[in-house]
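Novice: If you want the building blocks of each chain, they are given just below.
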Amino acid sequence: MLGDSSRRGVVLSTTSTVVVLAVLVGIFLLAPGSAQVRHTFFNPADMWQSFVGDPKAGYYSVGAALWLNIRMFVAAEILILIFALIVAVIRQSTGPVLLPLRVAATVYVDVARGVPLILIIFALGYGLPALQLTVISDQSAAVYGVAALVLSYSAYVAEVYRAGINSVHRSQVAAARSLGLSQGASMRYVILPQAIRNIIPPLLNDFISLQKDTAQVGLLGAIEANKAAEIYSSTVFNYSSYVVAAILFLALTIPLARFTDHLIRRDQARRLAGAGQLWAERARFPFPVRGERKRCGSRGCASRSARTRCSAGWTWTWPRTRSSA
Amino acid sequence: MRQMTVAAMAAIAVLAASAGLAGCASESSSSSAASGTSSSAAASASAASCSNSAIQSQLYAKGMLTVATDKPVYPPWFVNNKPTNGQGYESAVAYAVAAQLGFSKSQVTWAYEPFNSSYAPGPKKFDFDINEISYSAARAQAVTFSDSYYDVQQALVALKNSPIVTKHSPADLKTYVFGDQVGTTSLQFINSQIQPSQTPKVFETLNDVKQALQTKQIAALVTDTPTAEFITTEIPGSVVVAQFPSTGEHYGLLFAKGNQLVTCVNKALATLKSNGTLAKLTAQYLKDFTSVPTIQP
Numbered sequence: 001m002l003g004d005s006s007r008r009g010v011v012l013s014t015t016s017t018v019v020v021l022a023v024l025v026g027i028f029l030l031a032p033g034s035a036q037v038r039h040t041f042f043n044p045a046d047m048w049q050s051f052v053g054d055p056k057a058g059y060y061s062v063g064a065a066l067w068l069n070i071r072m073f074v075a076a077e078i079l080i081l082i083f084a085l086i087v088a089v090i091r092q093s094t095g096p097v098l099l100p101l102r103v104a105a106t107v108y109v110d111v112a113r114g115v116p117l118i119l120i121i122f123a124l125g126y127g128l129p130a131l132q133l134t135v136i137s138d139q140s141a142a143v144y145g146v147a148a149l150v151l152s153y154s155a156y157v158a159e160v161y162r163a164g165i166n167s168v169h170r171s172q173v174a175a176a177r178s179l180g181l182s183q184g185a186s187m188r189y190v191i192l193p194q195a196i197r198n199i200i201p202p203l204l205n206d207f208i209s210l211q212k213d214t215a216q217v218g219l220l221g222a223i224e225a226n227k228a229a230e231i232y233s234s235t236v237f238n239y240s241s242y243v244v245a246a247i248l249f250l251a252l253t254i255p256l257a258r259f260t261d262h263l264i265r266r267d268q269a270r271r272l273a274g275a276g277q278l279w280a281e282r283a284r285f286p287f288p289v290r291g292e293r294k295r296c297g298s299r300g301c302a303s304r305s306a307r308t309r310c311s312a313g314w315t316w317t318w319p320r321t322r323s324s325a
Numbered sequence: 326m327r328q329m330t331v332a333a334m335a336a337i338a339v340l341a342a343s344a345g346l347a348g349c350a351s352e353s354s355s356s357s358a359a360s361g362t363s364s365s366a367a368a369s370a371s372a373a374s375c376s377n378s379a380i381q382s383q384l385y386a387k388g389m390l391t392v393a394t395d396k397p398v399y400p401p402w403f404v405n406n407k408p409t410n411g412q413g414y415e416s417a418v419a420y421a422v423a424a425q426l427g428f429s430k431s432q433v434t435w436a437y438e439p440f441n442s443s444y445a446p447g448p449k450k451f452d453f454d455i456n457e458i459s460y461s462a463a464r465a466q467a468v469t470f471s472d473s474y475y476d477v478q479q480a481l482v483a484l485k486n487s488p489i490v491t492k493h494s495p496a497d498l499k500t501y502v503f504g505d506q507v508g509t510t511s512l513q514f515i516n517s518q519i520q521p522s523q524t525p526k527v528f529e530t531l532n533d534v535k536q537a538l539q540t541k542q543i544a545a546l547v548t549d550t551p552t553a554e555f556i557t558t559e560i561p562g563s564v565v566v567a568q569f570p571s572t573g574e575h576y577g578l579l580f581a582k583g584n585q586l587v588t589c590v591n592k593a594l595a596t597l598k599s600n601g602t603l604a605k606l607t608a609q610y611l612k613d614f615t616s617v618p619t620i621q622p
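Sequence order for the protein chains is A and B. Under our numbering, residues 1 to 325 are what the first sequence spells out, in order. Under our numbering, residues 326 to 622 are what the second sequence spells out, in order.
If you're looking for bench data, these hints aren't it; they were derived computationally from the structure. Keep in mind it's a predicted model, so treat the numbers as computed, not measured. Be a bit skeptical, because a hint or two may be false.
[Said to hold, decoys possible] Footprint (simulated), chain A over chain B, 3 or more residues, beta carbon under 8 Å:
#1 437–451
#2 474–483
#3 503–511
#4 536–545
#5 551–560
Note that CB positions come from ideal geometry on N, CA and C, so glycine has one too.
Isolated chain A (complex conformation) (with noise of 0.2 Å):
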């Protein structure tokens, strides 16, 4: 089944993996202070009891705090796609009536994305309560933070979605349009399902951030997970508790990234539909063929993103294109 080269390969690559970890364990257990770092930061039985907790020792379960960034999270990421979408058609438009929200959405999206999420969550979860107004004024913690994720994180977001509208050839529009589309029509069914199609992947790499960041939500003393292991630790005096936080944090990131490389590859195997042949003899020869090349040098690269497609070798995509212009 696997041939003498290949078996050399997994022996080599094998043997390679063992010699690297044991080097680097090898290291950190023989080295002075090992005993007690490992004590400090991966005490099962702090580990443990920072998981479960106990109220009345001074500590919260980190684990069930760990519910509080979930609800944060999932709060946060449905009105940030909202959010950042209305941003993003705003930014795009270009009626001259609209100019003023264009502009809005234009210094929002510079301020948002400059001002550190930090003095966000201190200026929307201490100032508001301070305005003293009705509704506005007696919110929990977790709803200040939730706003403050998404004002901020709405701006990168609404930049990913401009950039994957972008992408979308203008040709698309031109025929939309032709079709008798009106414009806000052309962009809701031929603009932006190609767009979003596209940004998939930097729309859930930003969500992978966002989970992480639920975490500065602690500051207006909300007790999520990372709080909840502050406390532990700051009580206790061991930073197992972090470790416990930081392993709650993987289990949810790492399926959320594992989802994404998953939807890259249906998305890749469902473009290639029509030209999976020619993707194979590139995964072959990862290099550009010379009479793709010329078709698109000889009749100029229109705009910048056609000019990258053919340097990256995605020349495949062009006749199509040109073809429905």
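Fit chain B to the supplied structure of chain A, relying on the hints for placement.
Specialist: Then chain B, alone, in the frame of chain A:
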């Protein structure tokens, strides 16, 4: 695929082996360390010489007593955010201990040590840390504490016109949202003594707790009585509602685990207690706090 599986299995095998090794290593090292410290601690206690020259070998920096605390520091523990001025209860206690050990004022240096890293493993950058750190048995597994230099009572700070100022029977207290600073023993006190129905809020710094009180995110903040008194001078319209009876909580100086200097510092503290110095410093810096009424949690 096959290749990956083999590599993964090998990695798991190595990890399992190392875990086994780790188990053995930690057992042997911890038991030897334990026996080592107990015997040497006994030896130094019996040697019982706490003269300035006798303790030189135990110091972080030769000829100097290095005392650590956080930044910023607050009254009444420190004055004007300057540990070096000898004013404020903790600064005065540190210099009094130093004098007992034969250090002049100029032989005391101050190091900056944030609370969260004061209990990190590894060598410490100070001889002892004085930062309103409460003793507990669990904490004493990671660091060594001196005997008490201040016995702590917890107190409630609230805004003057809030309901908790008048309604604070044990049953009423359970209905409020409390706040405290992370790492303080106040959280333990709230949950074990007051037992409120709503989860308390835990903030990063004392300033954040104060902010939360001012913006009515919490009904009251819980902290030690001297700090509570100080907060009322900072937040306009706030008042110390009451203090709670002592639970035996006390502040101790924090040493690296197994630091033998603690024996001599404890002796110094005992002298300061018996000759009335601690009582005098308490009267000088913390005297307002005897007037606060005591209520049951």
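Novice: Now look at each hint and say whether the structure bears it out.
Specialist: Structure-based check of each hint:
Under the rule that three or more residues need a Cβ within less than 8 Å of chain A, the assignment of the region 437–451 of chain B holds, with 6 such residues. Coverage of the region 474–483 of chain B by chain A is violated. Counting CB-CB distances below 8 Å, 0 residues qualify, and the rule asks for three or more. A count of 4 residues in the region 503–511 of chain B with a Cβ less than 8 Å from any Cβ of chain A is obtained; the coverage claim is therefore met, three being the minimum. Beta-carbon proximity to chain A at under 8 Å applies to 7 residues in the region 536–545 of chain B; the threshold of 3 is reached and the given coverage holds.
Taking a C-beta to C-beta cut-off of 8 Å, the region 551–560 of chain B contributes 0 residues in contact with chain A, too few for the three needed, and the coverage statement is violated.
Hints 2 and 5, counting from the list given before, are not met by this structure.
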